[in-house]
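**Q** Sequence:
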Amino acid sequence: EVFPRGTLIRKAFYAVSLYVAARNAKKIYDKFPVVMNGYWLENAAFAISRAFRYEKLPKLGASIYKWPTDILIPDLVFYVNFPDNYHYETYTTRSKENWKPKMLEIFKRITRPPVLIVSTTMGVKAIVDFIASEIPRRCRGRRMS
Numbered sequence: 001e002v003f004p005r006g007t008l009i010r011k012a013f014y015a016v017s018l019y020v021a022a023r024n025a026k027k028i029y030d031k032f033p034v035v036m037n038g039y040w041l042e043n044a045a046f047a048i049s050r051a052f053r054y055e056k057l058p059k060l061g062a063s064i065y066k067w068p069t070d071i072l073i074p075d076l077v078f079y080v081n082f083p084d085n086y087h088y089e090t091y092t093t094r095s096k097e098n099w100k101p102k103m104l105e106i107f108k109r110i111t112r113p114p115v116l117i118v119s120t121t122m123g124v125k126a127i128v129d130f131i132a133s134e135i136p137r138r139c140r141g142r143r144m145s
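Numbered per the UniProt record's numbering, the sequence shown finishes at 145, counting up by one with no gaps.
Keep in mind that a hint or two might mislead.
Below, simulated DSS-like cross-link-like pairs (lysine-lysine); rule was C-alpha separation at most 25 Å, straight line [to be verified]:
#, residue 1, residue 2
1, 56, 108
2, 66, 56
3, 102, 59
4, 11, 102
5, 100, 66
Calculated directly from the structure, the hints in this document are not laboratory data.
Put together the whole structure using the sequences plus the hints.
**A** Printed below as a string of structure tokens:
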């Protein structure tokens, strides 16, 4: 491994790579739709979840939930919520700690743009249909090349 797991350099590399991707998205956004996995929000939510216990999360509207002004603020964010048991199989490195309720609460407190939480219990077709209907509905006025 170039950056060993759990090291500060690995975390910094990941954070910087998401930030650079966000800056690049801002450059092409006026010409093309941009779809990304992760982006700035994922890393920010993870950092917030590590810094605060659930009951001590900053209130709705706190500046910690605001997007940086120098990166693109998405028109739309979907958080795909998998059932907990998916994360406890042998193919994952996620902890079995009770992290998900806190992460979901953090995503709910992001208001610009709102984070649409989609449960995989809906089934693939329902998820695809939901996302496909929300994009044009919430992105009115945006050119979709």
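**Q** Evaluate each hint against the coordinates.
**A** Comparing the hints with the structure gives:
The hinted pair formed by residue 56 and residue 108 meets the criterion: a straight-line CA distance of about 15 Å does not exceed 25 Å. Distance restraint check for residue 66 and residue 56: the Cα-Cα separation of roughly 18 Å lies within the 25 Å cut-off, and the hinted pair is therefore satisfied. Using a Cα cut-off of 25 Å, the hinted pair residue 102 and residue 59 holds, with the two alpha carbons roughly 13 Å apart. The hinted pair formed by residue 11 and residue 102 meets the criterion: a straight-line CA distance of about 20 Å does not exceed 25 Å.
A threshold of 25 Å between alpha carbons decides the hint, and for residue 100 with residue 66 the separation of about 21 Å falls inside it, so the pair holds.
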